[in-house]
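Asker: Start from the sequences and build out the full structure, keeping to the hints where you can.
Spelled out from the first residue to the last, the chains are:
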Amino acid sequence: MKRLKNWRLFSLLAALTVFLAGCGQEELSTLLPAGQVGQDQFNLLLLSSAIMLLVIIVVVIIYLISLVRFRRSKVGEDHMPEQVEGSHTLELIWTTIPIILVLILAVPTVYYTYKLGDVTAMGAVDEDGNAENLVVDVTAKLYWWEFEYPDLGIVTAQELVVPMDEKVYFNLLAADVKHSFWIPAVGGKLDTNVENVNKFYLTFEKDSKNLKDGVFYGKCAELCGPSHALMDFKVKTMPRAEFDQWVVAMQATDGQMADADATDGEALFAQSCIGCHAVSGVGTTGAAGPNLATFGDRNRVAGYMDHTEESIKEWIKDTQKYKPGNTMPSFPQYSEAELDALAVYLMGLKVEE
Amino acid sequence: MSSVAQKRSFGATVWDWMTTVDHKKIGILYLLGGLFFFVLGGIEALIIRLQLLKPNNDLVSAGLFNELITMHGTTMIFLAAMPILFGLMNAIMPLQIGARDVAFPFINSLGLWMFIFGGIFLNLSWFFGQVPDAGWTSYTSLAITSEGHGIDFYAIGLQIAGGGTLMAGINFLVTIINMRAPGMTYMRMPLFTWTTFVASALILFAFPPLTIGLFMLTFDRLFGGNFFDHTMGGNTIIWEHIFWIFGHPEVYILILPAFGIFSEVFPIFARKRLFGYASMVFATVLIGFLGFMVWAHHMFTVGLGPTANAIFAVATMAIAVPTGVKIFNWLLTIWGGSIKVTVPMLYALGFIPSFVMGGVTGIMQGAAPLDYQLHDSYFIVAHFHYVIVGGVVLGIFSGMTLWWPKMFGVMLSETLGKWTFWFFFIGFHLTFLIQHWLGFWGMPRRVWTYMDGQGWNSANFISTIGAMLMGIGVIIFLINVIKSHVQKKPVPNDPWGDGRTLEWAIPSPPPFYNFAQTPLVRGLDSVWIEKQEGNESGLTPAEPVQDIHMPNGSIIPFLMTLGIFVAGFGAMYRLETSWGLPVLVLGLFFTFATMSARSLKDDLGFYVKKEQVLKDLKEKGGKI
Amino acid sequence: MADIQIYKKSPVEYELEKRRAKKSMQAQIIMFSLMIFLTLVSFTMVVAFNADILGFSKYFVIPILLLFAAVQVGLQLYYFMHMNEKGHGFAKLFMYTGMLLAFSMLLGYIVITWW
Amino acid sequence: MDLNKKFTPETWPANPERATLEAKNKFVGFWLFIAGEVILFSTLFGVYIALKDKGISGPEFSAQELYELPLVFVMTMLLLTSSLTSVFAMYHMKNYNFKKMQIWLSVTAFLGLGFLMLEVYEFAHYAQLGFTYNNSAFSSAFFTLVGTHGFHVAIGLVWITLLIFRNAKRGLNLYNATKYYTFSLYWHFIDVVWVFIFTVVYLMGVVG
Ligand code: HEA
Ligand code: HEA
Ligand code: CUA
Ligand SMILES: [Cu+2]
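Protein chains in written order, with the numbering used here: chain A, 1 to 353; chain B, 1001 to 1624; chain C, 2001 to 2115; chain D, 3001 to 3208.
If you are wondering where the hints come from, they were derived from the structure by calculation, not from laboratory data.
Some hints here could point you the wrong way.
[Said to hold, decoys possible] In silico DMTMM-like pairs for lysine to aspartate or glutamate, Cα to Cα no more than 20 angstroms straight-line:
#, chain 1, residue 1, chain 2, residue 2
1, D, K3024, C, E2085
2, D, K3100, C, E2017
3, A, K199, A, D151
4, A, K313, A, D261
5, C, K2023, D, E3010
6, A, K199, A, E132
7, A, K317, A, E336
8, D, K3179, B, D1602
9, D, K3169, B, D1602
10, B, K1531, A, E85
11, D, K3006, B, D1602
12, B, K1618, B, D1547
13, B, K1531, A, E82
Every value quoted in this text rests on a predicted model; they were computed, and no experiment measured them.
Answerer: As C-alpha cells, then:
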C-alpha cells in the first residue's frame, strides 16, 4: 500500500515533466496511451523516469556543489588537497541505493513482461467451438500489411479494423524480410520474423472516430529496405456492434459489382490488376498485392499518400517514384481517361457508409 | 638538387611510417586514421541530419539514406571510435607501465594495417556504387536479400578490420601481463591501463563470435551457405544472437577506455588521488563481465518469450550498480580537490551529466515491456548517442587533448579547445535530447523521410541545427591541430604540471626506447609520489644505463594485409567474373608467402648502445 | 631483457629434474590411457544404445557423453597442456573466463532464448 | 639473444619455452589466443546445435542416418595418439634431446595427416551422397564446424612441417623452443575441440 502511494507521487512528478515537454499527437504518441497495454507500458515509463530523474538530480547536485566549492580559483593556486584513498561507508551507500532503485524497477518489469506475454487465451473456444477472442493474422510484406481474420473468413490490407475494449490477439509473420508491427498509441511493437509466428495481444480503448484522421497510425519499426519509412498502416477502432456490422459487410463483398459509373474502371482493373489485387474481402492471406475491397473507406493510398483520385493516378503511373523498391509494377502506358476510370472505380470500393 | 633530396627524404619518411613497429608511431597512425574516419562518419551524420531537416525532404534518395546510416554507424564504431582509442592505448599504455615497447611490435603493426585496409575496403564500396545498406547491425533477412555487393563489402571489410582488432587486443593483454616495470603491481596500475586491460579481454572474447557471424554472412551470400535462409532451414535469429553477443560487449569496449581516460583526467586536474581506486578496478572488471550476459536486451521484441526477456531485463539493470560506483567515485575525486578547468578537464566535466543521462535511459530500455515501445524508435538513437558521444567521444577528445603534447610534442591551443568544447557540447545536447521525445511521439529510427502532420517537424529541425553546431566544433578542433603544429612550441615533460603517472616523467615526445632506464615503481601514481618526496625527475631507475634491445621495423605486416585485401576482392567477384577466383587464390597465397617469410627469417632486433643512450640523456638535460 | 643467465645445473639437480620429468611423463601416460578408455566407453555406449542392447534412455546417455568429454578436456588441459604447472595463472584465468562465458552464452542462446 | 648459443642438457633451462621475455610473451599470447578460440568454437557449436537436422535435405541426410561411427572412431584414435606423441616430443625437448623430439614430432605430423585424409575422405563421401555444403542449413553448419576444425589441423601440419625442416640443421635453442612448445599447445587444443566434436556432433548425432 505504502509503495503504491510513493509510486503515485513519483508518477506525478514524472508526468509533470513529460507533459511540460509535450505529449505528441493522440493518434501516434506513446505518451497518450489508448489501451491497456500501452497504459501498462506508460506506467512503467513514468516509474522509470521518476527513478532516473532522481538519479540525475542527485548526481547533478553533488557535481554542481563540488564545481562551485572546489575550483582552484577559489581554494587557491597552492592549495594541496588531502589525498583521500576512499571511504567504505560511502561506497556501501552508493552500491546499496542503486540496488534498491533497480529492484524497485525490476519487480514491475518482470510482472509486466509476463502479463504482456500471456497469450494462453488465444486459442480458447466456447462450447460451440467458436473462438472466444478475435484473432488477426498479420503478414508484413514489402512494403504493405495484410490483415486476415481467420475465424471470420475475411481479409483486408493497410487498414486494420478492430473492436474496442476487448483483447485482440495477433499472429505476426513476415513474408519476405523482417518487419516490425507497431501501433505507438496502443502498445509496444513485436517483430514479424520470417521463420516463425510471433503472438501477442493489444486492447483498444479509444474510438478512432474522434481522432484527427479518424485512425490510429501504425508503423513498421524494423529496417526493411528503401521504403521502410513509408510502410505505414492505419488502425480503425470501433465499438463491438459497429465492428460486427463491418464484418458482415465485408463478408458480403464476395462477387459484388461496381456502380454504373465505374464499370469502365472495373473492366480495366479486371484486365490488369485483379491478378494481384482482390476486390472481395472474403478470402485468406497470401495475395501479391493489398486487398482493395475497402479501398474507398481508407484514408491513405499506399499507406501514406493522400486519399485522393489524383494520388491514385500518380501511384499507378509510377509506383517506384512513390515507394522505391515496392513490388507493384508501374503502368505508364495508361491514358489519363483510363487512370480516371480506375481511380473512380477504386474509390467506389467501400463497405462502410 | 634540393628538391631531389627532399623527395627522397619524403619517400624515406613514408617508408619509415609504413614499416614502423614503434608503439608510439603506430599509436599516432591509429589516431590519425581514426580521426579521418571520424570526420568521414561525421559528414555522413550531417547528411543524415540534413535529410531529416524537414518533412518530405529529398536531399538524398531512400536507398542512399540507408547506405548513409549503415556506413555512418559502421564507420563510427569500427573505424573511428575504436581506432582512436587504440591509438591512445598504444601510445600511452606502455609508457604508463614503464615498458620500452609492447609485447608484439610486429603484430601491433599488423593490427594497424588490417584496420586501415579493412577501413579502405569498406569505404571503397562508395566508389563501386554498391554500398552496405542493411544498417550497421545487418540483420540477415534484409542483408541476405540486399542486392549488389554492398553487404559483401561490409562482411569482408569488417572481417579484415576485426582481425586486426583481435590482434591488438591480445597484444595489449600480454603487454600488461608481462612488461610491467619492477614494482608495477596490478593494483598500482593507472586506471587507463586497467581499462585497456579489461577492454582488451572483452575484445578477446567478443570478436570471435563476430568473426563467425561475418564468415557465415559471407558464405551465405557468396558461397551458397544456408545459415540464414529460412527456406533452406536456416534461421535469421542466429545472426541477431551472434551479432549482439559481440555487439553488446563492443559498446563496453568503447566506453571502458573512455572511463579510463576520465579516471586519469580527474585526479590530474583536481590534484587529488582517484577516490576509491580499488572499487574502480573492481567495477571495471564487473562491467566487463556483466557485459556478456545481457546481449538479448537488444532483442526484446524478437519474440524470445517472457522468461528470456525477464532474465535479460534484470541482468541489464544490474549494470547500473558498478557504473554508478564509478560515477560517484569520480564525483568524490573532484570533491575536496582543487579543480582547474583546462580543456581535458572540461570534457571530463561535460561527460558526467551527459553520460548519466545516457546511462539511465539505457536502464529504462532494459525494462523489457517499456522497451517494446522504445525499441527501434528515436529514443534508442538518443540513448546511444548520449552514451557514445557523451561518453566515448568526449572521452576521446579529453584523452587526445591530454596526451597530444606527449604524443606529438605539441600543445594544442586552450582557447580554441574551449571553443570546440562549447560548440560540440551544446550542439550535442541540442541534437540528441529532443530525440528522446521523437521516440515517444512514435518516430521509428532508420526512416529516410517522414510525412508532415505527425508533430515531428520542429524537433527534427532543432536536432539538425545541433548537428551543425557539432560540425563547427569539430572544424575548430581541426584548425586547432593545424595551427598548433605550425607554431610548434617545445613542450616540457609534464606540460600540465600535475601529472601523476609514468608517462609524464619522460620527454614529450619520448625517445623511441621510451625509458633510458627502466623505472622502479613505488606506489600508485608513482611520479606524483616521487615528486612529493622531492625527486624532481619523478623517476627512480631500476637498472643502470645499459644497452637497450629494440625490434626491427618491417614491411611484412603491410604486405600481408595487402594480400588479404586483394583476396577480399577476389572472393567478392568470384561468381560473376572469371578473374575472381584466381585473384582470391593469389591474394591468399601472397599473404601466406609473406607469413612464411616472416617465420623463416630470424628477426632478433637490434641494440641501442649504452653510449647512445647516455648521449641522448645529456642532450635532454641530464635527467632520465 | 637482454640475454638470459646461463646456469649450469649441478649433477644432483640435473638428476632430480630428470626424475621429475620422468614422473610427470608417467602421469601423462596414465592420463592418456584414461582418455582412451573414456573414448572407448563413449563409443561403445552409443553403439549399444543404437543396437538397443542396454536399454539406456537418451537422457541418460547424453549427459554421460558430455561428462566424459568434459573430463577428457580437463585432462588435456591439466596434463598435456601443463595447466597444472606454475606460471599458468593468467592462462587459467583466461581459459576459465572463456569457458564460463562460452558456457553461459550457449546456455542463454540454446536454453532460454531459442524457440 | 644469441641464436647460436649452444646448450647442453645441463645448461638447458627448466622451462625453455619461457626462458626469455620474448618467449614469455609468446607463451602468454598463445594461451590468450587459445582462450579466444574457445569462444570461436563454442559459437560454431551453438550454430550447429541450432541448425542440426534443419533444412530440406530429406531423412537420409539426418544426423542419425548420415554419420559413420567406425570412421570417426579411427579418426579419434589417430588424433588422440598424436596428442600423446607430441607430449613425448615435449618431454624430449625439456631434456634437450633434439633428435628424439624431431622424431616424435614427425610421428605427430603423420598421425595428424592420417586424420586429415580421413576427414577429406569423409567429406568427399558425404558430397558424393549428395550432402554438400549448399544442401541445407544443416549441411552448411556441419561442414563449417567440422571443416573449421579440419582447417586448424591443416594449419598445424604446415606449421610443424616448417618447424621440423627449418630447424633440422640448427638444433634446439631458446628461440625455437617456444615455437615448438606453442605448437604442442595448439595441437592439444585441436584435440580438445575434437573431443567435443566427436561427442556433440557424431555421438550425440547418432543418439538422436
Ligand atoms: C558506449 C556505448 C554504450 C553504453 C556505455 C551503453 C550502456 C548501456 N546501454 Fe546501450 N546501446 C548502445 C551503446 C551503449 N550503451 C548502442 C550503440 C545501442 C543501439 C544499438 C543499435 O540498435 O543500433 C544501445 C542499445 C541499448 C539497448 C537496446 C535498445 C533497443 O534497441 O531496444 C538497451 C536495452 O536494454 C541498452 C541498455 C544499456 C544499459 C543498461 C547500459 C548501461 O551500461 C548504462 C549504465 C549507466 C548508468 C545507469 C548511469 C550511471 C549510474 C548511476 C548514476 C547509478 C544509479 C543509477 C540507477 C539506479 C539507474 N542499450
Ligand atoms: C561512435 C559512434 C557514433 C558517433 C560518434 C556518432 C555521431 C553522430 N551521429 Fe550517429 N550513429 C551511430 C554511431 C555514432 N554516431 C550508430 C551505430 C548509428 C546506427 C546506425 C544504424 O541505424 O544502423 C547511428 C545513427 C545515427 C542517426 C540515426 C539514423 C537513423 O536511424 O535514421 C543519426 C540521426 O540523427 C545520427 C546522428 C549523429 C550525429 C549528428 C553525430 C555527431 O556527433 C557527429 C559529429 C561529427 C561531425 C559533425 C564531423 C564534422 C566534421 C566536419 C564538418 C569536417 C569538415 C572538414 C573537412 C571536410 C576537412 N547517428
Ligand atoms: Cu517494413 Cu520496415
Ligand atoms: Cu547492449
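Asker: A separate judgement is required for each hint: does it hold in the structure or not?
Answerer: So, going through the hints one by one against the coordinates:
{"no.": "1", "hint": "K3024/D x E2085/C", "in the structure": "holds, 15 angstroms"}
{"no.": "2", "hint": "K3100/D x E2017/C", "in the structure": "holds, 18 angstroms"}
{"no.": "3", "hint": "K199/A x D151/A", "in the structure": "holds, 16 angstroms"}
{"no.": "4", "hint": "K313/A x D261/A", "in the structure": "holds, 18 angstroms"}
{"no.": "5", "hint": "K2023/C x E3010/D", "in the structure": "holds, 19 angstroms"}
{"no.": "6", "hint": "K199/A x E132/A", "in the structure": "holds, 16 angstroms"}
{"no.": "7", "hint": "K317/A x E336/A", "in the structure": "holds, 10 angstroms"}
{"no.": "8", "hint": "K3179/D x D1602/B", "in the structure": "holds, 12 angstroms"}
{"no.": "9", "hint": "K3169/D x D1602/B", "in the structure": "holds, 14 angstroms"}
{"no.": "10", "hint": "K1531/B x E85/A", "in the structure": "holds, 18 angstroms"}
{"no.": "11", "hint": "K3006/D x D1602/B", "in the structure": "holds, 17 angstroms"}
{"no.": "12", "hint": "K1618/B x D1547/B", "in the structure": "holds, 16 angstroms"}
{"no.": "13", "hint": "K1531/B x E82/A", "in the structure": "holds, 16 angstroms"}
No hint from the list above goes unmet by this structure.
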